[in-house]
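**Student:** Here is how the chains run, residue by residue.
Number of protein chains: 2
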Amino acid sequence: MTVGQLDSSIVKITNSANKSEPLPNDKLNFGKTFTDHMLTVEWTAEFGWAVPEIKPYGKLEIDPSCCVLHYAFELFEGLKAYRTSDDKITIFRPDMNMKRMNKSAARIALPTFDSEELISLIGKLIEQDKHLVPEGQGYSLYIRPTMIGTTDGLGVAVPDKAMIFVILSPVGPYYKTGFKAVRLEATDYATRAWPGGCGDKKLGANYAPCVVPQLQAANRGYQQNLWLFGEEKYITEVGTMNVFFVFKNTETGKKELVTAPLDGTILEGVTRDSVLTLARARLSPEEWDVNERYFSILEVEERAAKGELVEAFGSGTAAVVSPIKEIGWRGKDIQVPLLPGEQFGELTKRVSEWIADIQYGREEFKDWVRVVADVK
Amino acid sequence: MTVGQLDSSIVKITNSANKSEPLPNDKLNFGKTFTDHMLTVEWTAEFGWAVPEIKPYGKLEIDPSCCVLHYAFELFEGLKAYRTSDDKITIFRPDMNMKRMNKSAARIALPTFDSEELISLIGKLIEQDKHLVPEGQGYSLYIRPTMIGTTDGLGVAVPDKAMIFVILSPVGPYYKTGFKAVRLEATDYATRAWPGGCGDKKLGANYAPCVVPQLQAANRGYQQNLWLFGEEKYITEVGTMNVFFVFKNTETGKKELVTAPLDGTILEGVTRDSVLTLARARLSPEEWDVNERYFSILEVEERAAKGELVEAFGSGTAAVVSPIKEIGWRGKDIQVPLLPGEQFGELTKRVSEWIADIQYGREEFKDWVRVVADVK
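Protein sequences, first through last, are from chains Y and U. Heads up: the first sequence at position 106 corresponds to 106 in our numbering, and the numbers run straight through without jumps. Heads up: the second sequence at position 29 corresponds to 29 in our numbering, and the numbers run straight through without jumps.
Since the hints were made in silico from the structure, they are not lab data. Keep in mind that the hints are not guaranteed to be accurate.
Pairs count within a copy or across copies, as identical chains cannot be separated in the list.
[What the hints assert, rightly or not] With a cut-off of at most 27 Å between alpha-carbon atoms, the simulated BS3-like pairs for lysine-lysine come out as follows:
1. 161 / 27
2. 12 / 59
3. 59 / 161
4. 32 / 59
5. 325 / 180
6. 233 / 19
Note that this is a predicted model, so its numbers are computed, not measured.
Required output: the full structure, derived from the provided sequences and hints.
**Tutor:** Written out as structure tokens, the structure reads:
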């Protein structure tokens with residue numbers, strides 16, 4: 001018998017008995033409330049992907065010996081659906097998330113799947129709950145595809161059972177009052193990821209170990225860690241965001257937008273890729289270099305002292321871009337310039353607008369935007 | 001109000017409707033069948049540890065947004081209960097496991113607890129299912145204490161809810177036909193742990209990322225990876241075991257038992273500690289050095305070539321000691337000597353007997369053995 005491929009055309013839909021009313025926009029907290037339905041698809045090594053099910057949101061029954069609870073056979077993605085000004089529901093670059101999800105799955109011996117089929121299933125799930133996609137700039141529907149190993153038993157081995165589930169959470173802007181620049185603590189006493197590890201994959205395993213250092217940074221007044229690597233103190237990423245710096249060479253006047261290279265220790269962010277792609281297309285090459293290269297907190301410190309640090313921001317699905325105002329390093333704060341009286345630098349603002357215009361359909365950008373539902 | 005401490009005296013016991021018959025010893029597979037009862041204790045940041053419950057073994061209901069499924073807030077322990085020749089049930093060095101479990105919990109911001117209270121609760125759980133502890137050398141009851149974060153919602157944050165659960169699995173000897181020496185593949189293309197990481201804690205996060213390299217090694221005929229670290233190619237551990245080597249200096253005739261030091265990248269194995277403690281107490285210091293020091297696969301290769309490699313074994317709760325016969329390294333196999341016609345070296349056998357004699361009560365060793373039930 002043929003092992004089953006993931007197939008969106010055979011989805012079984014069970015409607016929820018209650019149809020929720022949308023919460024007012026000001027009551028939306030990130031990832032705290034969910035829509036009425038969820039998607040689940042089970043997989044076994046023997047039969048492959050089973051019939052996908054869209055059904056009422058509800059608890060999963062998990063055996064206490066299940067491998068997801070002991071050995072972290074788990075991975076996830078995060079993407080967003082937007083309600084455009086002409087009342088369509090679109091999702092942003094889902095092919096990038098699906099590609100990364102497949103790479104994450106392969107890294108921990110979980111099954112891969114046809115990306116387009118899962119995108120189609122996510123579309124059908126959203127169609128079911130489309131009245132709960134919030135309206136307005138900064139509001140969206142956060143989509144959380146997840147895959148877990150579901151083999152019961154305590155041997156550490158390749159799972160022979162797994163499950164994809166997708167849940168949806170209506171969310172507001174990450175910072176309720178527009179941009180709010182963050183303070184990061186450059187962290188070298190703990191290490192997020194390393195060569196030969198799995199820091200470039202969206203595995204559960206990369207997250208829990210970062211929470212204590214985050215708490216320690218928070219106790220010193222910093223929102224997040226800026227993870228450094230190695231004796232060189234290379235800047236890697238923020239754990240929930242990639243990170244970009246803008247330098248200006250005082251001799252030549254040329255500016256550089258720089259982020260760490262994808263060397264296996266850094267998450268391959270979809271927003272990171274979007275920022276790089278747009279910056280390369282839209283910034284004048286006479287004025288700008290756009291680089292993926294190694295750079296260290298020591299370079300940032302030195303160039304800040306020389307007046308060459310122009311601005312810095314994080315990039316990720318949740319906040320899209322997140323301006324940075326200070327970086328704690330060896331007991332001092334490196335000041336990152338902001339525009340006078342504002343919470344952001346000039347490029348941070350421009351990049352944010354470039355992406356939002358595409359996401360909310362004010363600018364057509366077909367390759368990056370998929371229409372999944374119509375709420376007219 | 002006072003936040004609740006873990007308290008074994010208030011445990012609530014609900015008996016299972018069916019009382020299982022023990023499986024015949026030859027049907028026991030590691031971690032595949034479980035006893036009739038399980039222990040669960042819930043924790044909240046607000047109220048602390050709730051009333052512990054011993055109840056019928058059964059599925060957990062977990063919300064699809066729960067942090068254990070997304071961010072690997074999970075850790076576990078492994079220890080064993082033995083049926084002694086005078087029909088007592090004992091557990092081996094549980095204080096060591098509880099100490100490590102508390103350290104694992106603190107590393108990922110999960111709650112700590114009073115070790116003695118959890119040992120007492122495990123004793124009560126075993127009392128409930130004591131007829132399922134198998135008899136005979138090599139047979140035991142594997143105990144799996146687990147802690148998971150149970151906060152629902154997708155923000156990456158310190159969990160404000162958690163749960164301990166303990167399940168029990170009757171198990172046979174790791175190798176059914178006595179010792180069977182294993183082949184390991186020295187692995188430097190993937191990295192299990194890193195300074196500033198969490199490789200010394202028993203977190204779920206350390207396990208899933210090691211399964212693909214294990215599969216690759218298995219495809220080349222090796223049972224496990226021997227994880228190397230750094231340019232020096234230091235030998236660290238086997239992922240499910242610590243590892244010991246015996247060298248003999250051909251000039252002085254002195255032997256050395258050596259294992260990697262606890263530098264934060266190596267699990268603090270209870271069997272490792274037991275081997276070191278017994279070896280230091282029982283091996284003649286004129287003939288033996290017992291060292292925790294850095295040593296590399298290059299040293300092993302060189303000393304094997306000089307005829308100075310005497311034997312090697314892994315140590316862990318599952319197999320206790322596991323002899324090693326070959327180590328794949330750069331396309332060749334380093335041969336590890338075994339006694340003629342046997343699957344083990346001389347010290348491997350002695351160490352195994354030392355520990356088994358204590359575990360099965362043939363030798364009194366009060367500090368390491370706790371009686372938890374009486375089956376007479």
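**Student:** For every hint, state whether the structure bears it out.
**Tutor:** Here's how the hints hold up against the structure:
Within a single copy, residue 161 and residue 27 get their C-alpha atoms only as close as 38 Å, which misses the 27 Å cut-off; across copies the closest is 23 Å, which meets it. In this homomeric assembly, residue 12 and residue 59 come within 27 Å of each other (Cα to Cα) both inside a single copy, at 18 Å, and across copies, at 25 Å. Proximity of residue 59 to residue 161 under the C-alpha cut-off of 27 Å is found in both arrangements, the shortest distances being 18 Å within a copy and 16 Å between copies. In this assembly of identical chains, the alpha carbons of residue 32 and residue 59 lie at most 27 Å apart whether taken from the same copy (15 Å) or from different copies (24 Å).
Taking identical chains as interchangeable, the C-alpha atoms of residue 325 and residue 180 lie at most 27 Å apart only when both belong to the same chain, with a minimum of 9 Å there against 60 Å between chains. Taking the closest pair of Cα atoms, residue 233 and residue 19 never come within 27 Å of each other, the shortest separation being 52 Å inside a single copy and 59 Å across copies.
Violated hint: 6 only; the structure is consistent with all others.
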